[in-house]
Amino acid sequence: MSDFETFVLEPANRAAAAAARAMADGTGLPDRPLIVLGGAGTGKTELLQAMASRLRDRHPSAVIELLSPDLLAERYRGALAQGRGDALRAELAAADLVLIDDLEQLARHRECHGLVADLLDGRRLAGRGTVLATAIPVEQQSGLDARLLRRLADGTTVSLALPGPAARAEILLRRLGDHPDALPGDVVRALAAADFPSMRDHTGALSRLVAFQEASAVPLSPADAMLLIGAPALRAAPEPAGEPAPEPAPDPAASPAGPEAPDEFGAFLSEVAATVSEQVDRWRRSLEEAVQRWREAGLRTGRLDALLQEDLTANPEPALEAFAADAEELLALAREAAVHAPDLAGAELFRDPDQLSAARALCEDARSRTGPIIAPLTQYRLEELAEGASNRAALRAARELLAETGEGRSPLVVWGGPGVGKSHFLHGFGNALAARGVGPVACLGGQAFVAEVSARTDADDLAGWRRRYRWVGALLLDDLHLLSGEARAQEELALLIEELQEGRRPMVFASARELAELRALDPPLRALLESGRTVELGPPDREVRLAVVKRLLSGSAASQDAALADYLAGRPADSVRAVQGLVARVLDEAAAQRVVPSPTLAREVLEVRDPVAGAAARVSGPVRTSGIHAPGMGLLRSREKMIEEWPVLADRLMLELR
Amino acid sequence: MPLVNFTTREITCKLVYYGPGRCGKTTNLLYIHGRVPENRRGMMVSLATQSDRTLFFDFLPLELGVISGFTTRFQLYTVPGQVYYNATRRLVLQGADGVVFVVDSQARRFDDNLESFQNLQENLLDQGVDIRQMPIVLQYNKQDLPPDLILAPAELDDAFNFRGVPSLPADALHGSGVFETLKALSGLVLQRLAARPAAS
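From first to last, the protein sequence lines are chains F and C. With positions in the first sequence counted from 1, the corresponding number in the numbering used here is that position plus 984. With positions in the second sequence counted from 1, the corresponding number in the numbering used here is that position plus 2.
Think of the hints as simulated: they come from the structure by calculation, not from any bench. Treat the hints with care, as some may be off.
Said to hold, decoys possible - Heads up, simulated DMTMM-like pairs for lysine to aspartate or glutamate below, C-alpha to C-alpha not over 25 Å straight-line:
| no. | chain 1 | residue 1 | chain 2 | residue 2 |
| --- | --- | --- | --- | --- |
| 1 | F | Lys1534 | F | Glu1573 |
| 2 | C | Lys16 | F | Asp1247 |
| 3 | C | Lys16 | F | Glu1255 |
| 4 | C | Lys16 | F | Glu1262 |
| 5 | C | Lys16 | F | Glu1248 |
| 6 | C | Lys16 | C | Glu182 |
| 7 | C | Lys16 | C | Glu65 |
Bear in mind that the values here come from a model prediction, so they are computed numbers and not experimental data.
Start from the sequences, fold in the hints, and give me the full structure.
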């Protein structure tokens, strides 16, 4: 039986020998598997045997399991066939020392991967050592289950190198044991100096030489010995060209002991076990990965740990999804609470998803310290904003911001006259953000912003107000022009924009005037606003007007009257609000007369009864008209000629006689 | 019948051997029965006529023990192959998790095989099961007979295996291919463990 002395002879192996001895003595690190790494014939098996021998010498009653993967698989298969799979697990987990040789061969026994991974887990928890020997580093092992590889990666690896000639000579002499004279000393030394690839080759050659010497009366010389064993220098001679190398003779020791009736049921059971284990292990892996991920995020994973301890009685996917949802909410609450109340940053309550209710209450408490955020009005929807040439650029900019394509530059400044839909745009955009999970979305008017800043005269109060806005997911400010001349409000807004820009949170501002016209804006704020994108929301074009008119008529008896819709959309109006007014007047008149709204009625209301107002609207609006009143072709025909889209004389003209 | 019952931590698979009369379905089960340790097998129930034809069905329960925390059971059934027992076949087929279709490799039984295979598709369809969604393995039995009497696996594949399911040659009488067939079907069925919703 091997002992540790032979390993001590080779300086490079002393660390491995020391670690192995410590493990055998129970003074090592049983919470990590010990991986003995070394090439073929470097003495891995001997080291495992030495450990077993040492432990048995010290504790004769110790239970030691020295296993090869083949042996392990055979035992596992047999245990499964007898319904003792769990009993085998328990036996291996309870052994004083488990030694597994040739770990890389475990790849052939897929059904045992889960068993070994469980074994490592169980023994680690119980403080019992496990040693695995392999010729391949753990990270280069292929065909092993990922979970098992993770367990192995946690292990302590010690390396074994091929002994040098002096150590080899000493090992060979020890092999001769009680018959040191069986071979001349110079033959042993010559053999030790031979360049065999592994120690196993040296000991094999030693056995052959001893056998030859016993049969020969003449003492062997080193040269004869080298010829007899075909020392590497001789064996390395090139093969004759064109002649393939002979197949190695089968090793009788490696062949099966003899034909046996195959255990078909055992093999079947083994495959079934492997398939079931694979499924269950997949669940376990997903759990372990989730545990690791959330721990890295600083969260406690008690709920998931409990699932792992339960040995997986169910597909954990629903539990994982629920945990993820709770964890995400908890992290959001933690961020929000820290902004409202810095003293709550890092509070333990915000690290445990199982205490989500308490965390919600704590966050609510933090919110109450700084006041609520004004949210967008929910009745406005961006998708309900009628799209046309006049607002297409603004809507495209909004969609890019929503899609976070990188092209959507923030802040976005939208400007336009009264009633063109700026507020609708702003609130609708805010609701779209909220629907995408951005939160909270602050949406307030310039006047309210100025008032809030002006009301904060106390430094602490102002600091609280700042915290209130700096954690928002998005900032939408209407009536930006009302900040003109408000130095404090502008200063606070500039600070806020810088803060939100760092967090890449979207900001949209609406103004009744173009930025260039807002002369009372402080340069820093102006620069920040101009760093984003500025788009105009123009007066509604015919496409927009038609869409608005159709929507307004949709609830009336004239909902299908295309001529009426066309007529109303054709009326000059410089804002959506004006279009709404036109439609309302016609609908009101129809209601008063108890008739169905019609183009005739609309013309009577909008042209006959109020030609001055109509003319005034025409003059003030961007849609220019000729102002010529023409006699109608019927009783109530239009008396005006309209020329639309006439910026350049050459571009025109469309003349419509009504 | 649930495949996986997480509450009781049981996996139960119902596997049905289907095929024409005298193709070797019961022989498959008898061979398996003979190879399973006594403590792992239940009593094989076989209702046969005096002429040894299966009258109702064969049933062989297999206890595979606790695997990864689940008590695993396989229930092997055969159906009567004779044409006039279709009601019984439908009954046995209900809730099946997988089907072994046993083909009698004798050339003279080709039409019987074909008729039985079509019958399997019809009966599955009657139960709302698309055969393409059902784990199925083809076993070409009686491949030990003289070559001039039987069709080779490749020829049978051409005729029956147009969906490319696993197919195995077998000699159920002597056991060749019997466990291989069972392993192939078990693998298909068990691989669907994670895909199936958990039964409460």
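> Does F/Glu1248 lie within 25 Å of C/Lys16 when you go C-alpha to C-alpha?
Replying inline: holds, 20 Å
> Has the given pair, C/Lys16 with C/Glu65, been kept, meaning a C-alpha gap of at most 25 Å?
Replying inline: With a Cα-Cα distance of about 12 Å, the restraint between C/Lys16 and C/Glu65 holds, given a limit of 25 Å.
> C/Lys16 and F/Asp1247: Cα distance at most 25 Å?
Replying inline: holds, 23 Å
>> Run the distance test for C/Lys16 versus F/Glu1262: straight-line Cα separation, threshold 25 Å.
In response: holds, 20 Å
>> Need the status of pair C/Lys16, C/Glu182: alpha-carbon distance at most 25 Å?
In response: Holds, because 17 Å separates the two Cα atoms, which is no more than 25 Å.
> Given the hinted pair C/Lys16 and F/Glu1255, is their alpha-carbon gap at most 25 Å?
Replying inline: Holds, because 17 Å separates the two Cα atoms, which is no more than 25 Å.
> Between F/Lys1534 and F/Glu1573, does the CA-CA distance stay at or below 25 Å?
Replying inline: Measuring from Cα to Cα gives roughly 18 Å; hence the hint holds.
Consistency with the previously given hints is maintained throughout, with no hint failing.
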